[in-house]
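Chains A and B, in that order, are what the protein sequence lines are. Going letter by letter, the first sequence gives residues 109 to 156 in this note's numbering. Going letter by letter, the second sequence gives residues 275 to 584 in this note's numbering.
Just so you know, these hints were derived from the structure itself, not from any lab. Given the structure is predicted, the values throughout are model-derived calculations rather than measurements. Where hints are given, some of them may not hold.
Straight-line Cα separation of at most 20 Å, SDA-like style, residue types lysine to any residue; simulated pairs [stated by the list, open to error]:
hint, chain 1, residue 1, chain 2, residue 2
1, B, 303, A, 131
2, B, 303, A, 127
3, B, 420, B, 357
4, B, 303, A, 147
5, B, 303, A, 115
6, B, 303, B, 386
Examples of chain A residues lying across from chain B (beta carbon under 10 Å, computed) [unchecked claim]:
hint, residue
7, 126
8, 133
9, 146
Glycine included, C-beta positions come from ideal geometry on N, C-alpha and C.
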Amino acid sequence: MEQREQQEWERRRRMRSIAIALALAALAVIFFVATIVWLGGDVGRRKL
Amino acid sequence: MANLGIETPALAPARLAGGSVGDFVALMKPRVMSLVVFTALTGMLLAPQGQHPALAVIALVCIAAGAGASGALNMWYDADIDALMQRTAARPIPRGRVTPEEALAFGAVLAVGSVTVLGVLVNWTAGGLLALTIAFYLFVYTMWLKRRTPQNIVIGGAAGAFPPMIGWAAMTGSASLEGVVLFLIIFLWTPPHFWALALYRARDYERAGVPMLPVVAGPEATRRQIVVYAALLVPLALVPAFMGFGGPAYAIGAIGLGAVFLALALQVWRVREGRAADRAARRLFGFSILYLFGLFAALLAERSLALWFG
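Work out the full structure: start from the sequences and follow the hints.
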């Protein structure tokens, strides 16, 4: 593989890794938001 | 078998294993995905409002991801015929930008992820319908019908018709008659839409061995079927107005757009020779997208205004 191709391959891999990281972060946000919605606003005042 | 020194795009070595982010976006068929999201959003807004807005947004993201999964899995399975057709030869797998294995893994992860998240976070009726849609598109349409019968897109069209029902189910946890009507509109819209395309791409489909109606039954039979489906679709599109979930703007839009749709279908039937016939088919294909978009946009706009102004 030529050096230019190697660099291009590495650039694509880096961009894919960033995209996967962003997708995982978005998934974490989705689960966090859904958890808050499911628990409701008065979760801190529930009977123990 | 000797390849006579000719390297087909499908067999081109994927030297740069793994494509760019753009290649993976292309695998999800973003234009199809946008129509899926749009129709699903219409189903969501028409449903009785009971779902938290954040969960509605999550549901929409899951539906979009599910549509993307269907696209990627379809491109994985159909890579061989995509390479033979002018319309699809530039897709990421035939071009060697993404390997079939990568597309399969990407589609499978998206499919399982979107169904699981929708089911766990929103409700399992919507999650189940999304799973059914993806499975129907992959196993029934792509793997079973597409290469075997000219009725492929008639039956397979059900997969593209589910999104409004999924949207409704995401909001209510159940199916409804309104969702079924929206399903039927897309279901009856699909054959004339794809047959118009197949009329002027018949040689493409023939080369790939896909038994589309113009290839198997000929252009005459296809033109007749287009008119029959258009004649069924246009009155059906008025049902939302009669059932009350489409208002006056929708009724006027459905009548106007329906009249044009019928006129273009009749033009396809009448003009049968040369470039004029191709032009008529292209015109119907282009307008059919506008037609479906217009119907759902009218429903969406009316419902949004009603929700906004109470």
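A quick look at each hint next to the structure:
1. 303/B <-> 131/A: Since the Cα atoms of residue 303/B and residue 131/A sit roughly 18 Å apart, the hinted pair holds (cutoff 20 Å).
2. 303/B <-> 127/A: This hinted pair holds, its Cα atoms lying about 18 Å apart.
3. 420/B <-> 357/B: Holds, at roughly 16 Å.
4. 303/B <-> 147/A: Roughly 36 Å between the alpha carbons, so the hint for residue 303/B and residue 147/A is violated.
5. 303/B <-> 115/A: Measuring from Cα to Cα gives roughly 28 Å; hence the hint is violated.
6. 303/B <-> 386/B: holds, 18 Å
7. 126: Check passed: Cβ of residue 126/A comes within 8 Å of chain B, closer than 10 Å.
8. 133: Violated, about 14 Å.
9. 146: Hint holds; residue 146/A Cβ to chain B Cβ min 8 Å, cut 10 Å.
Comparing the model with each numbered hint stated earlier shows that hints 4, 5 and 8 do not hold.
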